[in-house]
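These protein sequence lines are chains P and V, in that order.
The first sequence runs contiguously to residue 334 in the UniProt record's numbering.
The second sequence runs contiguously to residue 313 in the UniProt record's numbering.
Think of the hints as simulated: they come from the structure by calculation, not from any bench.
None of the hints are false.
Derived DEER-like restraints, expressed as beta-carbon distance ranges:
hint, chain 1, residue 1, chain 2, residue 2, range
1, P, Leu75, V, Arg215, 44 to 50 Å
2, P, Ile177, V, Phe274, 37 to 43 Å
3, P, Leu138, V, Val54, 14 to 20 Å
4, P, Gly111, V, Leu53, 35 to 41 Å
5, P, Gly160, V, Tyr174, 42 to 48 Å
6, V, Val126, P, Leu92, 39 to 45 Å
7, V, Arg40, P, Leu12, 44 to 50 Å
Computed, partial: chain P to chain V, Cβ under 10 Å:
hint, residue
8, Gln11
9, Leu19
10, Ala25
11, Trp26
12, Leu147
13, Leu150
14, Leu269
15, Phe305
16, Leu309
Footprint (simulated), chain V over chain P, 3 or more residues, beta carbon under 8 Å:
hint, segment
17, 290-299
18, 312-318
Even for Gly, the Cβ is constructed at its ideal location relative to N, Cα and C.
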Amino acid sequence: MLRFVVRRLLQLIPILLGLSVLLFAWLRALPGGPAQAALGERATPEAIARYNELFGLDQPLFVQYLRFLGRAVQLDFGNSSRTGRPVTEEFLERMPGTIELTLFAMVFAIGVGIPLGYLAARRHGSWLDSASVIGSLLGVAIPVFFLAYLLRLLFAVELGWLPGSGRQEVRIDATRITNFYVLDGLLTREWDAAWDAFTHLVLPGIALGTIPLAIIVRITRASVLDVVNEDYVRTANAKGLATATVRRRHVIRNALLPVATTIGLQTGLLLSGAVLTESVFAFGGVGSAIFDAIFARDFAVLQGFILILAVVYVLVNLLVDISYGLLDPRVRVR
Amino acid sequence: MTAIGDVRRRRIDELAARAGQVPEGEGGVSLTRSAFRRLRRNPVAILGAVIVLVFLVVAAFAPLLAPRDPLAQTLLSEIRPGFIPGATAGFPLGADELGRDLLSRLVVGSRQSLLIGVVSTVLGVVVGMALGVLAGAFGGWVDTVVMRFIDILLSIPSLLMAITISVLLGQNQYALMIAIAVTQVPVFARLLRGSMLAQRGSDYALAAQALGIKRGRIVFGHVLPNSLSPVIVQATLSLATAIIEAAALSFLGLGDPDLARPEWGAMLANAQPFLSVRPELAIYPALCIIVVALGFTLLGESLREALDPKFRR
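Chain P on its own, in the form it takes in the complex (with noise of 0.2 Å):
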């Protein structure tokens, strides 16, 4: 097991050179090196060597690329060109935003998914099973920034149910320890700013859910489908065993272990950037830095956010993986 884990932690230094050659040629890629960027078209020759020298950019490429290579491992990215602030200081704080996101999408995902999944297969044929097939299609073909405006267009704009913007009203001055909103307020028995950072949730989480929930229910339709038909749930219907025993011993069990990897991997995705959905409810995530850093071109949040998430994300996977071997004895660590 830890060989394994060590091999797979290896297998992350060639993805990161790998990226981490294409996001370094993104500034050499661009007209007039980043010494223009920086400074703007009307910058004088003589600006643009002084900034050249100052960043070590009269040196050889590999040089250069080495040295941020260099950087890149201590996790220094440099200042972000819009605040000014070290691109690792903005991450860090934005990140526990995404992640409590990330979780309120996912069990609404989950919660919602398995049971509809579950559900539509006992009733192979039946109309809720054409409804969950029909929007789990609907579900993955539309836009997912599209969804975001709709929800918030009716919900927050047009309803005002629920907050559409942010993670936190304004008003309110909540006292931050950790930076997961909603944890601060449990921690330090701010009801109202806790239920208030929830609120803030519903939106976008519902959005971000919708493609995994449409994923879910037809993972969790078509395996529960597979395993009814397996022989071991016709042994087990023969030698008498009750309906309900069944279902929850084989049939739950067996059906959802495709279901699980399903959830890690949608877990990993959403976690390594909802850019689309974060910056349609401005919600101050990792996602939404990037959309802000994009536009911007701030080039230096963009390299050190995109390599960190793919860490996040080949993390998630490889936890995804250990957890498929522990779920299913027939899948072992060699």
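Please build the complex by placing chain V on the supplied structure of chain P, with the hints as guidance.
For chain V alone, kept in the frame of chain P given last:
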């Protein structure tokens, strides 16, 4: 090797392995023919095919079908803050935020949207297949090197990858297509490799080898054609993803900046500030994207069922 690899990788491989199986008890009828027969009987497949066909026809004849010039700001004088004219005589869907005929823009926009989808998918398929054939046909260290590269591509979230590529290449329609294609390459490469590996051990491949046929001919004449069905299925499904992803990149300001080419994703993105004034500006292009994506998905899913021997009856 590990018994448990990346789950995503395994899923692609399973798909590949299954498509290679030849069903028993169905001698005489070719797989393609029996698949086609089942497709024709499947209402879902027909619905998907009809949707796709309608959009293809619209895109092909867009300049003839569009009632007006999609770029002419005919209704510009009618627009006031907080008001964008709806349907009037000669403008069945009203005007967009710059006073252009919305219907004509949707019709002409189908060209660019479908083009982006098709080109990026074809690019993804071609490059992915080349890599997959390389790995699947040669095996050994070639296989290892190619698959390591593919795994790197697979382990970066696709939207982040697409953002990286399109920032690198700058804003134009080709960058957009390449960015989407790059996210599709690893899927096709892995799929084709897996499916070829499954075929390589088959009886007919061994027979051909025993007859002394050269490796190149076995690969391209026998193994490759028999490994294609999962690729075709995946390509159909990928068309839907590509169109949606193009819309997402447009929304992120990484789309095609050429205003002379209306495109659904850009229309949808540009309509966001006017959503409370006239939501139709976003709803119509979104509907086009959703319907065409559904069409490709329905077609792809029924193709999968038709080509999968598990469903063959």
